[in-house]
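A.B. asks: Sequence:
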Amino acid sequence: MAFSLSRLGPLLSFGWLLCQQQPQCQVYAAESSSGSGDVASALTTDGLIGWFDCSLVTFEDEFRAIGYSPGSDVNSQCAQYEAPLCYDSICEDKQGRTVNVFVKRLLAKTKPENKPNVWFFQGGPGYASPTMEVAMNNLYSALNEDVNVYTMDHRGTGRSNQLDCVAAQATTSGSPLGGDIDVSEVTNCAREFQLKYGDMAAFSVTSAATDISTFISKYQSGSKTFVYGVSYGSALVERLIHLETKEIVGYILDGISTTSGGDVKDGMYMSNWDTNFGEVSERFLSLLSTNAAVTAKKFGSKSVSTVLKDVLVDFDKDPTSKCATLVSDFYGASESSSFPASTYVKRFLGKLMMYTDVRGYVPVVIYRLDRCNKDDRNFLLQFFKKVGEILNTSSEEEALVSILEYYLILFSEMWESPTPDLATMNERYTNAPISTGPTSSMLPLYCAFTKDSSAACTALNITTSSAPAIAYKKDKYWNVAATIPAQASVLIMSGKLDPQTPHKYAERLFKVLNGSNKELVTFEYAVHGTLFNTIYNLYYDSWGFMSSSPKVCGGEILASYVKNNGDLSKLDKTCVAAANSFMSDLDVANVDKSIDVFAGNPFVYIDSSNKFSVPLIFASVTAAVILLSLAIYACGAKERRAERRMNAQAQTTLEDDAARESPSNAAIYEPPIESGSPAARV
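For the sequence shown, the residue numbers in mature numbering (1 follows the signal peptide of the UniProt record, and there is no 0) are -21 to -1, 1 to 661.
Be aware that one or more of the hints could be misleading.
Here are the simulated EDC-like pairs of lysine to aspartate or glutamate, each with C-alpha atoms no more than 20 angstroms apart in a straight line [what the hints assert, rightly or not]:
(1) Lys475 x Asp564
(2) Lys277 x Asp575
(3) Lys483 x Asp454
(4) Lys453 x Asp245
Pair by pair, the computed Cβ-Cβ distance ranges are [what the hints assert, rightly or not]:
(5) Gly494 x Ser68: 41 to 49 angstroms
(6) Ser68 x Glu124: 33 to 41 angstroms
(7) Ala434 x Thr553: 37 to 45 angstroms
(8) Gly26 x Asn93: 20 to 28 angstroms
Don't read these hints as lab results, they were simulated from the structure. All C-beta atoms in this analysis are idealised placements derived from N, C-alpha and C, irrespective of residue type, glycine included.
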């Protein structure tokens, strides 16, 4: 569940894939820029290539946004270690092949061999580790550089044998769906993977967890080690609990994406995304009418939820109305589009709801769409443009993403079985007040990857072949309750307004975990990724400049947990009340309260050259969103992958033209996004 693609050109992007087939390229890529050390001597007898001096910053663009200076972290080191393609009991590889797994660390300033280790694992699945560098740096500073921090590229991603159909040339810019994979490409990809790897369990959650366990046991023997995972990373860490690595004394799970050991029907599945998002959006809309004083006053006797329903109904009745057209134009829809106008609204609001610093604009957008006067339209036009610019910011990290690894794990372990059919998934989306879906457009790909022969798949007439599935069987740990090892404790953190991994899953996992040495820290109003998105003490002056030093409660709790060696009785949670209080006002919190964002055109005006301008106060919101986007990027992979699939499926006819016009079926189609549209990535 991991933030965008594209700044890297084809030379670097595809060159990296080629380089991954040549071990000598990997060695030189990891070598210190200072030239210290000999490449040959760095390849140790125990299979470790490294350690080499390297920058903590993999991609400068992500750190520039928060004022970090690349090259200042002299203690950062990089390495790769050789791991078997197949571990015993997971899969079998008679050829004895290996994969190289990339690791990065930042060592304590003094006596690192005596200091605790903290590992950070990214969401996704399918994402590599660069976004975790922000968290590594933050914890390292919080603990006065007296801790060793590590991260790893999950096998199948980035610099750890990135899973890609190179020979089949899928996921290239010239392939049918560009960086995504089309149903027509699945057969050739499956054949390529069969020749390269055999059993795809080699790239399973358990295989990745075993990489971590093996590395810690081999290279950090006798240490005190903590492991943190966010979003999909929480499922990875939960799987790691099963492996009972004796050096691990603390497991931290944030944004829970697994309920292993609970009722199967109540599990966390991507196929149920729209229902989950809808449930959280209902709570959010309800809170807007109770906690947000300004919003409640503006809407009067009508609830925000009721007004939204009216807007959605009105837009579908008259998709050519001025404000309906405004939204559809933003998404690049043509006049002949058969998609209901409400889809555009629900999806845009869903995007806002995921971001702490812009979700306060959800009621503003609803209010103005409902009223739709000239000022409203001018405001919305510029607001859409500005938010689009922020949310569409691409990241170099996407060069390390493997969409094949994403789908492999998603369809093998994180999809309902038997799969819901198209009608059921459409209904889930229709019933959601707000959602970035519909996820029903992923169903054809699920059927093609898994070769599922259920009625739900056969109804889609997906062509099958003699090629194997790009999937693996659920192993002995799937949906089995983990037992907390005697030497360890488990800390779970979750936000009740997280639409990506709803809080109910944190409660379910906490309940089924075997053992009493566990704690669930709940943030009443936090979104996805509490390590990043539990900011408090953040204020702006009337000019839109930050007037206080913001704090992040999730980060403070993690630091306390590590500092106290995982002793939950000593965990300092005093900031939780402060964070809850700060976030309880769901109105637009980072703007001058003297400005009424519901009336007139406070943010956007026409200057002397007849051009739209944005005052400094709007710039402060922009800066805040960019700051938080680093965290959201790490946590939003599932939603983004589903979104790309929906964009692509919008061009594919799954039913005949008559069915497309049916209101009950219209929700399965994503509005067509033109490449030049400001909403191309929103």
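A.B. asks: Each hint should be assessed against the structure and marked as holding or not.
C.D. replies: Do the hints match the structure? See the list:
1. This hinted pair checks out: Lys475 and Asp564 have alpha carbons roughly 14 angstroms apart, not beyond 20 angstroms.
2. Using a Cα cut-off of 20 angstroms, the hinted pair Lys277 and Asp575 holds, with the two alpha carbons roughly 10 angstroms apart.
3. Only pairs whose Cα atoms come within 20 angstroms are accepted, and Lys483 paired with Asp454 is rejected, the gap being roughly 25 angstroms.
4. For the suggested pair Lys453 and Asp245, the alpha carbons sit about 17 angstroms apart, so the restraint of at most 20 angstroms is met.
5. Checked against the hint of 41 to 49 angstroms, the C-beta distance between Gly494 and Ser68 comes to roughly 24 angstroms, which is inconsistent with it.
6. Remark: the range hint 33 to 41 angstroms for Ser68 to Glu124 is upheld by a beta-carbon distance near 40 angstroms.
7. Between Ala434 and Thr553 the Cβ separation comes to about 54 angstroms, which falls outside the hinted range of 37 to 45 angstroms.
8. About 25 angstroms separates the C-beta atoms of Gly26 and Asn93, a value consistent with the hinted range of 20 to 28 angstroms.
The structure fails to meet hints 3, 5, 7 from the earlier list, while all remaining hints are met.
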